[in-house]
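Residue numbers (the UniProt record's numbering), protein chains in the order written: chain P, 1 to 248; chain Z, 1 to 248; chain A, 1 to 248; chain U, 1 to 248; chain F, 1 to 248; chain V, 1 to 248.
In case anyone wonders, no lab produced these hints; they're calculated from the structure.
No experiment lies behind these values; they were computed from the predicted model shown.
Check before you lean on any hint, since a few could be wrong.
Identical copies look the same in the list; a pair holds intra-copy or inter-copy alike.
Cut-off 25 Å, straight-line C-alpha distance, at most; resulting in silico cross-link-like pairs (DSS-like, lysine-lysine) [said to hold, decoys possible]:
id, residue 1, residue 2
1, Lys66, Lys115
2, Lys151, Lys115
3, Lys228, Lys8
4, Lys166, Lys228
5, Lys73, Lys166
6, Lys110, Lys45
7, Lys8, Lys230
8, Lys66, Lys8
9, Lys73, Lys115
10, Lys45, Lys166
11, Lys115, Lys228
12, Lys115, Lys45
13, Lys115, Lys166
14, Lys117, Lys228
15, Lys73, Lys117
16, Lys151, Lys8
17, Lys151, Lys73
18, Lys66, Lys117
19, Lys8, Lys110
20, Lys151, Lys166
21, Lys8, Lys155
6 protein chains.
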Amino acid sequence: MLLVEQVKVSKGSPLVTCLLEGSGGSGKTAMAASIGIDSDFAFVKIVSAESMIGLSESSKCAQIVKVFEDAYKSQLSIIILDDIERLLEYVAIGPRFSNLISQTLLVLLKRLPPKGKNLLVIGTTSEVGFLESLGICEAFSVTYHVPTLTKADAKRVLQLLNVFAKDDIDSAAEALDECDLLVYASASWDDHCISHMLQTPLKKLYMLVEMAAQGARGGSSEAIYSGKQKIDINHFYDILSDVVLVSR
Amino acid sequence: MLLVEQVKVSKGSPLVTCLLEGSGGSGKTAMAASIGIDSDFAFVKIVSAESMIGLSESSKCAQIVKVFEDAYKSQLSIIILDDIERLLEYVAIGPRFSNLISQTLLVLLKRLPPKGKNLLVIGTTSEVGFLESLGICEAFSVTYHVPTLTKADAKRVLQLLNVFAKDDIDSAAEALDECDLLVYASASWDDHCISHMLQTPLKKLYMLVEMAAQGARGGSSEAIYSGKQKIDINHFYDILSDVVLVSR
Amino acid sequence: MLLVEQVKVSKGSPLVTCLLEGSGGSGKTAMAASIGIDSDFAFVKIVSAESMIGLSESSKCAQIVKVFEDAYKSQLSIIILDDIERLLEYVAIGPRFSNLISQTLLVLLKRLPPKGKNLLVIGTTSEVGFLESLGICEAFSVTYHVPTLTKADAKRVLQLLNVFAKDDIDSAAEALDECDLLVYASASWDDHCISHMLQTPLKKLYMLVEMAAQGARGGSSEAIYSGKQKIDINHFYDILSDVVLVSR
Amino acid sequence: MLLVEQVKVSKGSPLVTCLLEGSGGSGKTAMAASIGIDSDFAFVKIVSAESMIGLSESSKCAQIVKVFEDAYKSQLSIIILDDIERLLEYVAIGPRFSNLISQTLLVLLKRLPPKGKNLLVIGTTSEVGFLESLGICEAFSVTYHVPTLTKADAKRVLQLLNVFAKDDIDSAAEALDECDLLVYASASWDDHCISHMLQTPLKKLYMLVEMAAQGARGGSSEAIYSGKQKIDINHFYDILSDVVLVSR
Amino acid sequence: MLLVEQVKVSKGSPLVTCLLEGSGGSGKTAMAASIGIDSDFAFVKIVSAESMIGLSESSKCAQIVKVFEDAYKSQLSIIILDDIERLLEYVAIGPRFSNLISQTLLVLLKRLPPKGKNLLVIGTTSEVGFLESLGICEAFSVTYHVPTLTKADAKRVLQLLNVFAKDDIDSAAEALDECDLLVYASASWDDHCISHMLQTPLKKLYMLVEMAAQGARGGSSEAIYSGKQKIDINHFYDILSDVVLVSR
Amino acid sequence: MLLVEQVKVSKGSPLVTCLLEGSGGSGKTAMAASIGIDSDFAFVKIVSAESMIGLSESSKCAQIVKVFEDAYKSQLSIIILDDIERLLEYVAIGPRFSNLISQTLLVLLKRLPPKGKNLLVIGTTSEVGFLESLGICEAFSVTYHVPTLTKADAKRVLQLLNVFAKDDIDSAAEALDECDLLVYASASWDDHCISHMLQTPLKKLYMLVEMAAQGARGGSSEAIYSGKQKIDINHFYDILSDVVLVSR
Ligand SMILES: Nc1ncnc2c1ncn2[C@@H]1O[C@H](COP(=O)(O)OP(=O)(O)OP(=O)(O)O)[C@@H](O)[C@H]1O
Ligand SMILES: Nc1ncnc2c1ncn2[C@@H]1O[C@H](COP(=O)(O)OP(=O)(O)OP(=O)(O)O)[C@@H](O)[C@H]1O
Ligand SMILES: Nc1ncnc2c1ncn2[C@@H]1O[C@H](COP(=O)(O)OP(=O)(O)OP(=O)(O)O)[C@@H](O)[C@H]1O
Ligand SMILES: Nc1ncnc2c1ncn2[C@@H]1O[C@H](COP(=O)(O)OP(=O)(O)OP(=O)(O)O)[C@@H](O)[C@H]1O
Ligand SMILES: Nc1ncnc2c1ncn2[C@@H]1O[C@H](COP(=O)(O)OP(=O)(O)OP(=O)(O)O)[C@@H](O)[C@H]1O
Ligand SMILES: Nc1ncnc2c1ncn2[C@@H]1O[C@H](COP(=O)(O)OP(=O)(O)OP(=O)(O)O)[C@@H](O)[C@H]1O
Ligand SMILES: [Mg+2]
Ligand SMILES: [Mg+2]
Ligand SMILES: [Mg+2]
Ligand SMILES: [Mg+2]
Ligand SMILES: [Mg+2]
Ligand SMILES: [Mg+2]
């Protein structure tokens with residue numbers, strides 16, 4: 001990852017901040033995590049709402065500040081601010097959010113680490129419009145858009161899963177596409193990453209396939225995953241139409 | 001129930017989350033409860049506002065988190081989040097709701113159980129539009145719509161109740177239909193479930209029939225339920241028109 | 001009262017909830033109270049804002065919950081939630097109201113009493129539109145509209161009061177009608193109830209008649225109530241036009 | 001005052017509540033106070049914001065409730081709620097006001113005194129529109145409008161003050177009238193009351209006359225009040241035009 | 001000052017309240033202070049936000065009430081409420097302000113001092129529209145508008161400052177006028193006051209002249225103020241155009 | 001810096017307040033800091049949100065007041081209020097901000113230092129519209145606009161960086177210009193300052209150049225900064241188009 005290189009060799013910019021934005025499930029967290037894992041930095045830390053459930057705003061703030069201050073002690077550090085809208089307790093109605101936490105981020109994203117220390121901050125969000133109106137987008141030095149899966153991508157995933165008859169794959173991909181269900185990290189990733197995808201596919205695609213694999217009367221899933229049987233494409237259609245996708 | 005099977009056999013998706021949405025009295029809670037009862041999972045828990053009356057937002061949060069953490073200890077668990085809008089203390093005016101609880105749910109619905117543990121979360125709501133604007137719908141992997149009772153369904157219920165003269169059943173069903181009173185879990189349920197319905201019919205339908213059974217001067221209800229007498233269809237009409245159904 | 005009968009004989013519906021709505025002074029509280037008095041239930045309790053002046057929201061909540069829990073101990077109970085908008089501290093500007101109390105009511109109105117206990121809940125309100133937007137109307141199983149007094153009803157009341165000359169009664173009723181002052185519980189009540197009305201007539205009608213009875217120079221009221229004198233219809237007109245009825 | 005008589009002789013209405021509304025300075029407080037003074041009731045109490053400056057909402061509530069409970073102990077009582085909008089801490093921007101106090105008043109205005117005790121509550125306000133939207137107007141049994149001073153009234157006051165030359169009185173009244181300054185309790189009051197008015201005229205009229213009486217170079221006021229000199233009408237005009245009457 | 005006289009000789013109006021309103025820097029505070037200084041009243045007190053920075057609303061309230069209660073002890077007192085919008089913590093966005101303090105002022109401005117004590121209250125504000133919507137303007141008995149400086153006034157000031165060449169004064173005044181910079185207490189003040197103005201001219205005018213006096217390369221200011229040199233009019237123009245006057 | 005001179009020699013204006021406003025990264029903080037450093041004043045202090053992360057509003061207030069009170073003790077002081085919108089915890093949604101801090105600034109910006117003490121206050125902001133609606137702009141005696149970098153400025157910077165081939169500099173500057181990326185302190189600064197700029201260029205320009213310097217496969221950066229190689233202009237274009245600049 002080039003950003004990591006930049007932080008490593010950087011002389012003029014001890015602080016590199018980068019925002020990954022894209023719709024839900026497009027692979028932002030996976031991308032940020034793999035940057036952290038693939039780097040050989042001493043300090044890599046994910047800041048996520050999962051580990052702060054039920055804490056007060058000010059405790060969350062204190063935890064976030066603590067992570068930055070720990071990072072300032074290492075020569076090369078990465079901080080991942082995962083799902084920033086969730087860190088901010090954002091909800092569209094109102095909208096409501098924690099201004100205490102948003103002010104903290106606005107300041108931390110601009111505060112330079114001490115001399116000799118370099119820091120890469122990666123943020124992820126699926127609410128880029130909201131972050132922009134807070135001025136948080138502008139506080140990041142760069143913003144990358146993580147695109148969603150194309151129909152061609154979906155077909156490729158279905159082929160790899162190998163649970164449909166060859167002739168059904170096109171129709172299945174088409175049906176999924178119409179459901180507008182697929183949100184996915186696309187093309188620009190390297191092959192190593194695509195092979196990962198087979199093990200942990202998109203939550204929703206995976207779930208739909210799994211539901212279909214059980215068959216109309218249940219129990220067929222083992223046969224299908226072992227390759228002895230294929231998913232009945234009509235049963236797959238039924239499941240798709242059962243699942244109400246409440247639209248905006 | 002297929003979702004239960006999926007959770008049981010699942011390898012890729014340790015967390016299955018499913019939202020049942022439909023109008024008041026359509027049978028969502030009954031459906032969720034029967035899934036829980038019919039499963040043979042070690043841990044089945046209903047989270048409902050009834051057991052948390054008057055608690056502070058943060059105590060409610062803590063209780064909900066506790067239920068999830070208990071579930072993480074069993075290999076196969078079901079958590080029913082009943083009437084999510086009530087858990088969120090939602091009221092349309094404003095609207096007002098607890099953002100603390102909504103943030104907690106948003107995180108819990110995405111947090112994976114520890115390795116080897118599988119969890120099915122079923123939510124119910126009659127305010128799907130509100131949950132959508134909170135982003136809670138999207139946080140569930142699938143959403144099912146629980147439809148309301150059709151006129152044909154109502155007729156079938158009245159036949160089973162056997163309190164009207166045969167010739168009056170059509171008119172009674174018609175009258176009810178015009179009142180737009182019937183909200184009901186429909187067709188796709190199995191027979192075992194329909195027989196249940198006779199013992200505990202829809203609250204409102206049941207109440208109207210019960211009121212009519214007492215007759216214009218009271219006291220006739222025993223005779224009617226024992227089958228010796230039938231409900232006077234005109235008295236039934238009177239009761240329907242008395243009951244003011246304030247419309248939106 | 002039929003609702004009372006229903007609760008008594010009920011097998012399927014241990015919880016009957018009924019909302020009386022109508023404009024101010026239409027006799028909702030009187031109606032609810034007389035149902036309570038006329039029943040022979042062991043537990044009859046009025047929950048009203050009068051006994052909770054100045055309490056905090058949470059104390060009010062606790063008191064309301066306490067009443068329900070006490071009721072669950074009797075086999076047959078009636079709870080009257082009088083002037084629900086006042087319990088909710090409702091005011092149209094904003095609007096403002098206690099969501100804590102409204103959530104409590106929403107849950108209590110649906111929570112079933114323990115097995116073998118039957119409960120009738122009667123609510124009264126003159127702000128049915130507000131209760132509807134809270135979802136409280138829908139939480140009641142039935143809603144009755146308590147109508148206002150017609151001109152014919154007013155005339156009947158004036159005749160019974162016997163303070164006007166026979167020829168003036170029509171004009172007096174007409175004048176009152178134009179003032180749009182009369183709000184009253186009407187026709188469908190039984191005779192026993194109408195005789196009550198003579199002792200405690202509508203607050204406003206009563207007050208106007210009383211003011212008129214004092215005469216232009218005061219002091220004549222005793223003569224009028226003792227029947228020796230009649231109210232001067234012109235003086236009655238003067239009083240009606242003096243009293244500013246600020247219109248919406 | 002007839003209301004007082006009514007409370008005294010009343011049998012059916014132990015609680016009489018009456019709202020005096022009119023623009024600022026129209027004499028509402030004076031009217032309410034004189035009713036209290038002229039009555040021979042044992043308990044007469046004014047509830048006013050003046051004696052509760054800086055108190056918390058709940059302390060104010062407690063004080064108001066205390067006054068009512070003290071009144072319930074006397075057989076005949078009068079409570080004056082002066083400047084209700086000020087008691088409610090009302091301000092048009094927002095609007096803001098104390099809902100705690102407004103709920104307290106809404107309940108107290110309807111709560112009947114114990115048997116055998118009669119209570120007259122007189123409220124005053126110059127924000128009748130606001131009180132109406134709170135439902136407080138409707139909570140009073142009657143509302144009287146206190147009208148403002150007419151040009152003829154003003155002239156009469158100026159004649160009584162006797163500080164202008166006879167020929168100037170018309171012009172002075174005219175000038176005042178154009179300034180739209182005069183807000184005053186009018187005609188329907190008795191002579192006894194008008195004679196009072198000479199001692200304590202309207203604050204603003206009084207002030208203007210006083211300013212004019214000092215003359216262009218000051219010091220002439222004694223001569224004018226002693227009748228030796230008259231106010232120079234042109235100087236009076238100057239003062240009127242100096243005083244900026246910021247219009248709405 | 002005539003208001004002072006009025007308070008002194010007043011018999012009928014023990015409380016005189018007067019609001020000075022005008023745009024920022026028009027001399028309101030100076031005018032109010034000079035009234036206080038020139039009076040020979042025993043008690044003269046300025047209530048200003050400067051001495052209450054960071055205090056809570058209720059402490060500010062308590063301080064203001066204290067000043068009034070101290071004033072009630074002197075026979076003749078003046079209280080200056082300087083920059084009322086600042087006392088109220090007013091900000092146009094929202095708008096936000098302290099209702100606690102505004103209610104306190106509304107009551108204090110109408111509360112009469114004890115018998116025999118006379119009080120003059122002078123308020124100043126540059127947000128008269130805001131005060132009006134609070135009802136505070138109406139609570140003052142009179143409101144004076146303090147006008148801004150005319151071009152002629154500005155010229156007169158520049159002449160007195162004597163830092164421009166005679167021929168440049170017109171152009172300088174013109175340039176200032178176009179900048180719409182001058183806000184000033186005008187004409188109606190007496191000469192004694194104008195001579196004051198030379199020592200402490202308007203903050204902004206003073207500052208501009210001072211900046212110009214330093215010359216393009218700095219250091220010339222002493223020469224200019226000692227009269228040995230005049231300000232280069234072109235340099236003055238440069239400074240005027242540099243200073244960005246962000247317009248509404 | 002002339003403002004510094006003015007404060008030094010000032011007799012009439014012991015308090016000079018000056019606001020620097022311009023878009024993000026235009027060099028406001030740098031300009032303010034260099035004024036402070038270049039002055040020989042005893043007391044120079046920067047008040048910035050960075051040193052107050054997570055503090056409560058009132059603690060921030062207290063710290064700000066403390067700085068002013070310390071300044072009042074020195075004969076010549078400079079206080080830099082950096083990023084005032086951040087001090088105010090401003091966020092555009094709502095908008096929200098600390099009124100406590102804004103009131104404190106409004107008062108401090110007008111409060112005169114004690115006799116004999118001179119104070120220069122420099123504020124910076126990139127939200128001048130917001131500050132204006134708070135009345136904070138008006139509270140400063142002058143406002144300077146810090147302009148953004150022109151295309152010519154950018155070219156000059158690129159020439160000094162010497163990382164592009166001579167023929168590519170025009171195209172690179174053009175490409176940057178189209179990205180609307182460059183916000184910069186412009187022309188009116190002296191040469192001494194421009195030479196500084198080479199060492200610490202604009203954060204964003206610097207970052208882009210650094211990213212490009214690494215080359216398509218990484219690792220070339222050293223060669224480029226040592227001058228052995230030039231940046232491939234096409235790779236520079238790629239980077240520019242990768243970086244999503246979410247527009248308003
Ligand atoms: N290119 C990829 N290769 C392999 N797995 C992928 C790829 N992209 C996404 N995934 C998988 O898809 C799933 C969803 O991705 P991820 O959670 O990173 O999305 P997200 O954008 O962070 O979603 P959210 O907005 O809900 O946080 C993950 O399980 C992830 O492992
Ligand atoms: N298919 C069915 N068979 C038997 N009983 C049913 C069926 N559907 C609904 N019922 C009964 O109807 C009543 C209302 O159903 P339930 O309470 O589950 O509805 P709900 O959708 O959860 O309503 P709410 O929105 O008010 O929570 C219950 O008493 C339930 O037992
Ligand atoms: N049919 C009736 N017979 C006798 N008295 C009646 C009747 N209807 C109303 N009243 C009397 O009229 C008065 C007003 O009725 P009540 O207080 O019950 O009205 P309400 O609808 O509850 O008014 P609110 O909305 O103000 O609470 C009461 O004194 C009641 O006794
Ligand atoms: N008819 C009257 N006779 C004698 N004095 C009167 C009369 N009407 C008003 N006044 C005097 O005018 C003054 C203003 O009247 P008052 O304070 O009662 O008005 P208000 O309507 O209560 O004003 P506010 O709305 O400001 O409270 C008082 O000093 C009162 O004594
Ligand atoms: N007529 C005058 N003669 C002498 N000095 C004056 C005159 N008018 C104003 N000044 C001076 O102008 C300056 C600004 O006046 P002042 O502070 O009283 O204005 P203000 O209206 O109170 O402003 P703000 O709205 O900012 O409070 C003061 O220094 C004051 O001394
Ligand atoms: N004329 C200049 N000479 C040298 N360096 C400059 C110049 N102008 C700006 N810089 C540099 O550009 C960078 C951005 O400037 P600075 O932080 O002062 O901008 P700012 O306007 O305060 O931005 P923000 O609005 O984000 O606070 C700094 O690193 C600063 O050193
Ligand atoms: Mg993610
Ligand atoms: Mg349910
Ligand atoms: Mg009632
Ligand atoms: Mg009054
Ligand atoms: Mg001032
Ligand atoms: Mg800056």
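Results of checking the hints against the structure:
no. : hint            : verdict
1   : Lys66 x Lys115  : within (18 Å within a copy, 29 Å between copies)
2   : Lys151 x Lys115 : neither (48 Å within a copy, 32 Å between copies)
3   : Lys228 x Lys8   : between (50 Å within a copy, 21 Å between copies)
4   : Lys166 x Lys228 : within (14 Å within a copy, 54 Å between copies)
5   : Lys73 x Lys166  : neither (55 Å within a copy, 41 Å between copies)
6   : Lys110 x Lys45  : both (18 Å within a copy, 20 Å between copies)
7   : Lys8 x Lys230   : between (49 Å within a copy, 20 Å between copies)
8   : Lys66 x Lys8    : within (23 Å within a copy, 40 Å between copies)
9   : Lys73 x Lys115  : within (10 Å within a copy, 33 Å between copies)
10  : Lys45 x Lys166  : neither (43 Å within a copy, 42 Å between copies)
11  : Lys115 x Lys228 : neither (62 Å within a copy, 28 Å between copies)
12  : Lys115 x Lys45  : both (21 Å within a copy, 21 Å between copies)
13  : Lys115 x Lys166 : neither (59 Å within a copy, 33 Å between copies)
14  : Lys117 x Lys228 : neither (56 Å within a copy, 27 Å between copies)
15  : Lys73 x Lys117  : within (7 Å within a copy, 37 Å between copies)
16  : Lys151 x Lys8   : neither (37 Å within a copy, 31 Å between copies)
17  : Lys151 x Lys73  : neither (46 Å within a copy, 39 Å between copies)
18  : Lys66 x Lys117  : within (16 Å within a copy, 32 Å between copies)
19  : Lys8 x Lys110   : within (19 Å within a copy, 34 Å between copies)
20  : Lys151 x Lys166 : within (16 Å within a copy, 44 Å between copies)
21  : Lys8 x Lys155   : neither (38 Å within a copy, 28 Å between copies)
Of the numbered hints stated above, those contradicted by the structure are hints 2, 5, 10, 11, 13, 14, 16, 17, 21, listed in ascending order.
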